[in-house]
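Participant: As a plain string of letters, each chain reads:
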Amino acid sequence: MKISGSYTLPVAQDRAFALLQDPVMLARAMPGCESLELVGENEYAMRMKMVLASLSGLFDGKVRIADSNPPGSFRLIVEGKGKIGFMKGDGLLTVTQNNTGSHVQYEGDVQVGGTIAAVGQRLLDTTSRMMIRRFFEKLSSEAAAVSQSVA
Amino acid sequence: MIPQEFDYSAPQSLEEALSLVASGDRKILAGGMSLIPMMKLRLATPAEVVDLGRIAGLNNIAESGGVMQIGAMATHHAVETSPVVRSRCPLLSDTAGHIGDAQVRNMGTLGGSIAHADPAADYPAALVALEAQIRLVSAHSDRTVEASEYFLDAFTTALEPGEIVLEVRVPVEEASEGYCYQKLAHPASGFAVVGVAVRVKRAGGKIVMARIGITGMGPHAFRARAAEQLLEQGASTEQAAAAVGEGEDANSDLYASADFRRHLAQVHTRRALAVALSRAS
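Those protein sequences? They're chains A and B, same order as listed.
Sequential numbering from 1 applies to the first sequence in the numbering used here.
Sequential numbering from 1 applies to the second sequence in the numbering used here.
Honestly, I wouldn't trust all of these hints.
[As the list claims (entries may be wrong)] Here are the simulated lysine-lysine pairs, DSBU-like style, with alpha carbons at most 30 Å apart: (1) B/Lys40 with A/Lys62; (2) A/Lys88 with A/Lys2; (3) A/Lys49 with A/Lys88; (4) A/Lys83 with A/Lys49; (5) A/Lys138 with A/Lys49; (6) A/Lys49 with A/Lys62; (7) A/Lys83 with B/Lys201; (8) A/Lys83 with A/Lys62; (9) A/Lys2 with A/Lys49; (10) A/Lys49 with A/Lys81; (11) A/Lys138 with A/Lys88; (12) A/Lys49 with B/Lys40; (13) A/Lys88 with B/Lys40; (14) A/Lys138 with A/Lys2; (15) B/Lys40 with A/Lys81.
The hints are simulated quantities; they were obtained by calculation from the structure and are not laboratory data.
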């Protein structure tokens, strides 16, 4: 499944780029993220609890950052596995400065398998876009909160 | 296809049910047309299921003072066939008749469907078009939320933990109004790929009121307000339908792309308007 979209974060380009790679911020912004720990260079172990309608599942996974090209772009490689299915994703994030903040463009390929994909095909797209949207909304409110406390 | 072990309770009163759902890993069973399949696939693994089916009165349907009150546990079949709903809220009974299949309509409930909030469910289109209100209660609160503010996102509603959908209140449609629900049903599931609920009122050859609810197209049901306004300003149904879904996020899956869904919303709006206008007097 191809995923693409964009979101504008209310911060400058270098700040947006740093935020998108900041494990503390990511852990706060990612829906259902229970822990995110550094396990190697640019590599994190993640535990996520997804709760959606009556569905709930625990996922263990890895997040890796590659081809980092500050402050413009990087690749995010995600892998997760849980009782109800697995997912693998590889995406390119591009950050550009615009007059209201930073424009984050994402484009990638996600594979979802297991029970959740077999029976949830109808809902994968809606759900994944909802989670991405929530992630960015949370990230931008966290970013705004931080810049306020600094100022 | 065997669910993980779970406890089952069937409270006899609303108070008992509310105190149960106030805490713990408990899911409410209100018909089970979505919850049970998910449990069988082990996508949902609640520790306890609280069945609302034994609480008397939760499925009451009554009208008073121009407002139809439909208990959350009223089945789709009851909403479809109830004489009072058919005569006073025909759009809602029309919509209920399009849900799933006969088995689902006999078991599934209005409250269960809107608590689950599947983005492709049929009811939400009608409820936003009818400007319905949804009454939510918990052990220590009792509030009413507008339908258009209740459906927030895919599977996400204004329901807070510990709250139960108690009833849906629908202002009755005027007898002179025209109504229609149209959808493209997914061939396997019967869910709406896109569903459109329409109400119109005419006076002196003009449309004086139009309400259009769209489900299945985006992450949650919404009112096509731009199209409603165009109709009320005298635009043709073609012009109004062309404005449906503009600027709205559309879902995309193996069965229907985002563009196709937007197209379906416009086509079904046109069809629903044609039927509704022919019914309006």
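Participant: Taken at face value, is the distance from the CA of B/Lys40 to the CA of A/Lys88 at most 30 Å?
Facilitator: With Cα atoms ~25 Å apart, A/Lys88 and B/Lys40 stay inside 30 Å; holds.
Participant: Would the pair A/Lys138 and A/Lys88 pass a check requiring their Cα atoms to be no farther apart than 30 Å?
Facilitator: Since the Cα atoms of A/Lys138 and A/Lys88 sit roughly 23 Å apart, the hinted pair holds (cutoff 30 Å).
Participant: Below or equal to 30 Å on CA atoms is what counts here, so check A/Lys138 against A/Lys2.
Facilitator: Since the Cα atoms of A/Lys138 and A/Lys2 sit roughly 23 Å apart, the hinted pair holds (cutoff 30 Å).
Participant: Check whether the Cα positions of A/Lys49 and A/Lys81 lie no farther apart than 30 Å.
Facilitator: holds (11 Å)
Participant: B/Lys40 and A/Lys81 were given as a pair; does the straight-line alpha-carbon distance stay at or below 30 Å?
Facilitator: holds (20 Å)
Participant: Against the 30 Å threshold, does the CA-CA distance of B/Lys40 and A/Lys62 hold or violate the hint?
Facilitator: With a Cα-Cα distance of about 29 Å, the restraint between B/Lys40 and A/Lys62 holds, given a limit of 30 Å.
Participant: Under the criterion that the straight-line Cα-Cα distance not exceed 30 Å, is the pair A/Lys83, A/Lys62 satisfied?
Facilitator: Distance of about 16 Å is within 30 Å: holds.
Participant: Starting from A/Lys49, check that the Cα of B/Lys40 is at most 30 Å away, please.
Facilitator: With Cα atoms ~20 Å apart, A/Lys49 and B/Lys40 stay inside 30 Å; holds.
Participant: Tell me if the straight-line CA distance from A/Lys88 to A/Lys2 falls inside 30 Å.
Facilitator: Between A/Lys88 and A/Lys2 the Cα gap is close to 12 Å, so the pair holds against 30 Å.
Participant: Are the Cα atoms of A/Lys49 and A/Lys62 separated by 30 Å or less?
Facilitator: holds (14 Å)
Participant: Tell me if the straight-line CA distance from A/Lys138 to A/Lys49 falls inside 30 Å.
Facilitator: holds (17 Å)
Participant: Do the alpha carbons of A/Lys83 and B/Lys201 lie within 30 Å of each other, as the hint requires?
Facilitator: violated (52 Å)
Hint 7 from the list above is the single one not met by this structure.
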